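Visitor: Given next are the chains, with one letter for each unit.
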Amino acid sequence: MDRELSVREQIAYGALGLVSLIGFWSLLSVTGLVPRQFLPAPWEMMERFIVLLSTKFAGFTLPQHLWSSFQRYAYGVLLAALIGIPLGLMMGWFRWLDDIVTPMFDGLRFIAPIAWVPFAALWFGTGIGGPIMIIFAGAFPPCLINAYRGAKFVEPRLIEAARMLGTGHFRMITEILLPASVPSIVSGLRVSAGLGWQSLVGAELIVASAGVGFMMVQAQGVVSTTTVMAGMLAIGLVGMLIDVLLRQGEAVIRRKRGLE
Amino acid sequence: MFSRRAIIALATLLALCVIWQLATATFGLISPGRFPSPSDTWASLRQIWTRGYSNGTLLTHALHSIRLVAMGFVIAIITGVPLGLLMGWSRKAEAIINPVFLIIRPIPPLAWIPLAILWLGLGDAAKIMVIWFSAFVPSVINTFAGVRSIDKPIIEAARMLGTPRWRFVREVLVPASSPMMFTGLRLSLQASWTTLVAAELVGALYGLGRVLNAAQQDIYPGMILVGMISVAICGWGTTWLLSVAERRALGWNLAAQKGAA
Amino acid sequence: MASIRFDNVQKYFGQGPKAIRVLQDINLEVKDKEFVAIVGPSGCGKTTCLRLVAGFEQVNEGTVSVSGKTVTEPGPDRAVVFQQFALFPWKTVRENIDLGLRNKNAPSAERTERIARVLKLMNLESHADAFPHQLSGGMQQRVAIARAYVLDPEVLLMDEPFGALDAQTRVVMQEELVRLSRTIPRTVLFITHAVEEAVYLADRVAIMTRRPGRIKEVLDIKTVREAENWDRFQKIEDVMDLDSFVHLRTQIWKSLREEKDAHVV
Chain Z
1 MDRELSVREQ
11 IAYGALGLVS
21 LIGFWSLLSV
31 TGLVPRQFLP
41 APWEMMERFI
51 VLLSTKFAGF
61 TLPQHLWSSF
71 QRYAYGVLLA
81 ALIGIPLGLM
91 MGWFRWLDDI
101 VTPMFDGLRF
111 IAPIAWVPFA
121 ALWFGTGIGG
131 PIMIIFAGAF
141 PPCLINAYRG
151 AKFVEPRLIE
161 AARMLGTGHF
171 RMITEILLPA
181 SVPSIVSGLR
191 VSAGLGWQSL
201 VGAELIVASA
211 GVGFMMVQAQ
221 GVVSTTTVMA
231 GMLAIGLVGM
241 LIDVLLRQGE
251 AVIRRKRGLE
Chain D
1 MFSRRAIIAL
11 ATLLALCVIW
21 QLATATFGLI
31 SPGRFPSPSD
41 TWASLRQIWT
51 RGYSNGTLLT
61 HALHSIRLVA
71 MGFVIAIITG
81 VPLGLLMGWS
91 RKAEAIINPV
101 FLIIRPIPPL
111 AWIPLAILWL
121 GLGDAAKIMV
131 IWFSAFVPSV
141 INTFAGVRSI
151 DKPIIEAARM
161 LGTPRWRFVR
171 EVLVPASSPM
181 MFTGLRLSLQ
191 ASWTTLVAAE
201 LVGALYGLGR
211 VLNAAQQDIY
221 PGMILVGMIS
231 VAICGWGTTW
241 LLSVAERRAL
251 GWNLAAQKGA
261 A
Chain S
1 MASIRFDNVQ
11 KYFGQGPKAI
21 RVLQDINLEV
31 KDKEFVAIVG
41 PSGCGKTTCL
51 RLVAGFEQVN
61 EGTVSVSGKT
71 VTEPGPDRAV
81 VFQQFALFPW
91 KTVRENIDLG
101 LRNKNAPSAE
111 RTERIARVLK
121 LMNLESHADA
131 FPHQLSGGMQ
141 QRVAIARAYV
151 LDPEVLLMDE
161 PFGALDAQTR
171 VVMQEELVRL
181 SRTIPRTVLF
191 ITHAVEEAVY
201 LADRVAIMTR
211 RPGRIKEVLD
221 IKTVREAENW
231 DRFQKIEDVM
241 DLDSFVHLRT
251 QIWKSLREEK
261 DAHVV
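Protein chains in written order, with our numbering: chain Z, 1 to 260; chain D, 1 to 261; chain S, 1 to 265.
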């Protein structure tokens, strides 16, 4: 393995990579090797992005679409956390609950969240319930699994100490298992948030009447490639923002616990 | 003979089936337009198995989907794993490629679907492209992590023994990174299925996603359920195949871990 | 009358022909307010003895009882001090000590008062609102002891409590424990592999054989300690210099050596 690079070198090489990519892209587009319709130049995409910030497309401006998407996303992830975390903790403590739920969960796990779309469409039409259901399906497993693992793998000595102190079930779950599992739960939330965001896009491609995914499908329909790309950029930016914020949150919590 | 777990699982399954039957057919608590009864589902299964639905039998659709997943997955491994190895091994390569990755990563694979359709139409090619893309990223990242996680002494030992480059890659680098690499492969496979179903839902002529889409538009819940279960079975089946391959490739790892425990 | 009683206790791990016999024919009584230490070679089952009294393990044959009641489950009447402290990292010192009292549904005023008393007893007043990871090993173990003491338990079970501490801290804690047991005598079962620690702290020392563990012999320390008035010394090193101390220590060492030598083929 070659040696570690200095920060300057990393930036230099990074810039090289980035510039090459954009350059290659621009070349393909400008020379017409790929029809302009299908591969607009990078600056055309940026231009469109900025235009969409204030101009309506498919009913709303880009920020409005984003907000619509984000709301569904937030509800879905919140629901997943509110159900998944307590359930996971209880499964980690009550063996019988684990025995009942785990096989069901293992069976359902293989159904991609997106496969719930037809039922979501059937039950909710293009209302807000559909995407929320899909997002829930995507965000639920990590919440459940991480809470479960957190509870199950608490240091046995701590459980013994709590039992020795005469701790009842409810207190055991809320004051012992829950705090002990916080690092695992937070890590799971980060994964949940990511999966939820991905599921959101998928859901909106099919069962929505507003939102960034919906906007992109409409744009594809009228062959407005710049709009599609602008949508992708927006999705990527928001997704990155969410991940960065959650990582920070995770780091803060780990530090408070004396884990770092 | 039967573990406690298995017995409870079976009992739960039975209980659920009973509740299912009661809620839908017997008491009509859930209308057939919303969720199918067991008999509805069975009827749909028989139809699609024998007479076919939406241009094909269940087998045709399933095989079509599996084919696409396999192709996208394989192309993703062939492109992703070597890239991951390269990035893991060469810090220069990592520095060059990283920013590109950082930009592309947050874009959910499914977000590429409209673009793929614009570029390649509604046929198989667009689907394979999106599948490739969604499977590509986990492969690269996990292979990269796998390389970086190799114990330094192992690499030093190989160099001390004068191992030439390609032998080194084949006999040291790849095996040593394979535990994490396989984790990446599993994630890639999962992503492949998700993407495939989504892509087929958006627009396709064949495939399980097509079945789901048609069933939804025909308001045919029984068929939807059949489609979902088929997706689950195919997903489970391919994952099982992968784990068989993993066990054969990583037998040494399990033994080593057991020894350390 | 808080006493511990092992009646013909047998303990194995596993089942059938592959079962490992850990404890064999354990008969031992810890009388009211007596401090009994168990020493023995590694793996002899001494910790298992403690865990049986604590209720974390069950006997296969025989009975373990505390004050006449057979032990079935863990509980605050048999407070445990663990080797690895087992403090809850997300709770402050005060909250760690409080949990047991809250589980007993003690009224708030009483809890505050009892906690204040035990904090003073263990010199933890200035650290009451700190988190465990902010404290040294010795302090953390003090918190663990405080948490046990505040419960006013029937018996106190200490499982190699100073094993995770460095040598100097260990000595300080041993002196403190002696001070505590002389001022607030309790029924204590103390597990250790450090012979000097056992002789210094205990009223009687039980020596176990290697696996399957049996009680080989029980030495009376208290009579000698009182006759020679060890307590006139504050410092541990002065006590350990005494002939009477050395004699007892050597006796135990020899007994343990027999066990070790029997192992080497």
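Among the hints, a few may not be true.
Per label pair, the in silico range of CB-to-CB distance [claimed, not checked]:
{"hint": "1", "chain 1": "S", "residue 1": "Glu61", "chain 2": "Z", "residue 2": "Trp96", "range": "25 to 33 angstroms"}
{"hint": "2", "chain 1": "Z", "residue 1": "Val244", "chain 2": "D", "residue 2": "Ser90", "range": "49 to 57 angstroms"}
{"hint": "3", "chain 1": "Z", "residue 1": "Ile50", "chain 2": "D", "residue 2": "Gly251", "range": "50 to 58 angstroms"}
{"hint": "4", "chain 1": "D", "residue 1": "Arg4", "chain 2": "S", "residue 2": "Thr70", "range": "52 to 60 angstroms"}
{"hint": "5", "chain 1": "Z", "residue 1": "Gly23", "chain 2": "D", "residue 2": "Ser90", "range": "18 to 26 angstroms"}
{"hint": "6", "chain 1": "S", "residue 1": "Arg257", "chain 2": "Z", "residue 2": "Trp96", "range": "48 to 56 angstroms"}
{"hint": "7", "chain 1": "D", "residue 1": "Val74", "chain 2": "Z", "residue 2": "Gly249", "range": "51 to 59 angstroms"}
{"hint": "8", "chain 1": "Z", "residue 1": "Asp106", "chain 2": "D", "residue 2": "Pro38", "range": "17 to 25 angstroms"}
{"hint": "9", "chain 1": "Z", "residue 1": "Trp96", "chain 2": "S", "residue 2": "Ala227", "range": "54 to 62 angstroms"}
No wet-lab data here; the hints were simulated from the structure. This one's a predicted model, so the numbers in the text were calculated from it and none came from an experiment. Note that CB positions come from ideal geometry on N, CA and C, so glycine has one too.
Visitor: Against this structure, judge whether each hint is valid.
Guide: Status of the hints after comparison with the structure:
{"no.": "1", "hint": "S:Glu61 x Z:Trp96: 25 to 33 angstroms", "in the structure": "29 angstroms, holds"}
{"no.": "2", "hint": "Z:Val244 x D:Ser90: 49 to 57 angstroms", "in the structure": "27 angstroms, violated"}
{"no.": "3", "hint": "Z:Ile50 x D:Gly251: 50 to 58 angstroms", "in the structure": "56 angstroms, holds"}
{"no.": "4", "hint": "D:Arg4 x S:Thr70: 52 to 60 angstroms", "in the structure": "27 angstroms, violated"}
{"no.": "5", "hint": "Z:Gly23 x D:Ser90: 18 to 26 angstroms", "in the structure": "22 angstroms, holds"}
{"no.": "6", "hint": "S:Arg257 x Z:Trp96: 48 to 56 angstroms", "in the structure": "50 angstroms, holds"}
{"no.": "7", "hint": "D:Val74 x Z:Gly249: 51 to 59 angstroms", "in the structure": "38 angstroms, violated"}
{"no.": "8", "hint": "Z:Asp106 x D:Pro38: 17 to 25 angstroms", "in the structure": "21 angstroms, holds"}
{"no.": "9", "hint": "Z:Trp96 x S:Ala227: 54 to 62 angstroms", "in the structure": "59 angstroms, holds"}
This entry does not satisfy hints 2, 4, 7, going by the numbered hints stated previously.
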